[in-house]
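> Can you make the complete structure from the sequences, with help from the hints?
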Amino acid sequence: MSVPTSAVRVENLAKSFGATHAVDHISFTVPRGGCVALLGGNGAGKTTTLSMLLGLLVPDDGTISVLGEDMVAHRFRVLDRINFSSPYVDLPHRLTVRENLSVYAMLFGLHHPRQRVEQLAEDFGVAEHLDKPTGRLSSGQRTRVALAKALLNDPELLLLDEPTASLDPDTADWVRTRLEDWRAKSGAALLIASHNMAEVERLADSALIMKQGRVVEQGTPQELVERFGRSNLEEVFLHVMRSPETSA
Amino acid sequence: MRSTPRMRVGALVLRHYYLFRGSWPRILEMAYWPTINMLVWGLTSQFLAGNSNWVAQASGVFIGAVLLWDVLFRGNLGVALAFLEEMWSRNLGQLFVSPLRPIELVAAMMIMSLLRTTVGILPAALLAIPMFDFSIFKLGWPLLAFYANLLFFGAVMGLAVSSLVLRFGLGAESLAWVLIFALAPISCIYYPVSVLPAWLQPVSWALPSTHVFEGLRIAMLEGRFDQGHFLSALCLNALYAIAAASLFLFVFQVARKKGLLLNVGE
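Residue numbers (the working numbering), protein chains in the order written: chain C, 907 to 1154; chain Z, 95 to 360.
In case anyone wonders, no lab produced these hints; they're calculated from the structure.
As the structure is a prediction and not an experimental result, all values here were calculated from the model.
One thing to keep in mind: the hints can contain errors.
Partner residues are not named here, just some residues of chain Z that face chain C (Cβ under 8 Å, in silico) [as the list claims (entries may be wrong)]:
(1) 96
(2) 112
(3) 116
(4) 195
For each residue, glycine too, the CB sits at the ideal point set by N, CA and C.
Structural data, given as structure tokens:
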């Protein structure tokens, strides 16, 4: 059986909530080892798209293939090979960092959970907080714990929803560096939903700009900047968001 | 690297063990209410025993009944609270992007219910021995049958409550405490089914709990184990378990269609 060339292949994906078209027939791929960013304002459909990719949400239409498996019909075949982090979910606050990571290590069937937990805690700078209740950590520390949890199973595909939201610039930069290092070592694919253009320019090989549930622009960050004659991705983003021509 | 169902169920049980290990008030609270209930009914029984031949003859029936009612109540809470904990901590989205299957979550909640109920009831049952010279353990094997049936029915009710909370959100969380109490009058915990109005009796007989409490009275007053009531409770439990598991899995699919797994929390 040949290994699929794309980590994610989405075709004609759609999801509506009542009369609202949260995701309106979008298609894209994330190559193996690649990093794709979903950009968009609030309500653009980024989180809904990620939720469908994770199998937390059933699409109304379209197909999703993750690591070669149909995510709608056979999500349990791939869930141990992917992982995810989002500010919209949390880890139990009353459990210590070590307890939370140990529970997830067991859920993913790790052979040496203790070593893995301690190694990731070291990598993400939370080793000294391992025995503190997760709820007592700062938001930056909790984000790092959530990322450590997301890397527990050494995923082939990592989905991150606003990975540096609510972090100060220094911590956000630190997190991006860790993600770059991890990606370089693991060769895993990364799909990021983000509002942060600097983050996308730094991490992503290509970006999709979403507006009202549709992909209105896509390309590498450099291509997008050149296409619109702007000096950076933030200016492109603002132009696209404010331009009636690109309204979905 | 692939987890087995046993590992995943074990992981969730471990998660709740960690939660209790870190909070002695939670452990104390589990045993507190059953003990208070037992003391109130034990003292009431002592008072009534001096004023009623029937109670004097059936001394211990009320204490046995209140202890077993707590098994039903705690069995329900054990499952419902385990589920609510995941919703309160916004952990459901994390759990269901791990390889955990919904049915494994159900299995873990059932195990938690067994552990929580046993930890909660045991101190009250032991305290009844020196306080009222009543040992529910003298019932022998029938006690195990009563305990298992009530615990299971309570857990099934807890699963139904969890389904409703998943569907309607944390606004429905009070159902964890409210719904089970609606069954108390028609489960005939302290009185025989014949006390109920005739039209309500068929409803009462449709509950496994009614058969257990009738069976308990027969065991304590007549000294025999009524297999008919035991089998009725067992069959009804099987039916309710299938219904509750189907409801939970159905609601889980609805939650996946409506995006409810991410939009939970306080």
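> Any hints this thing doesn't respect? Which numbers, in order?
none
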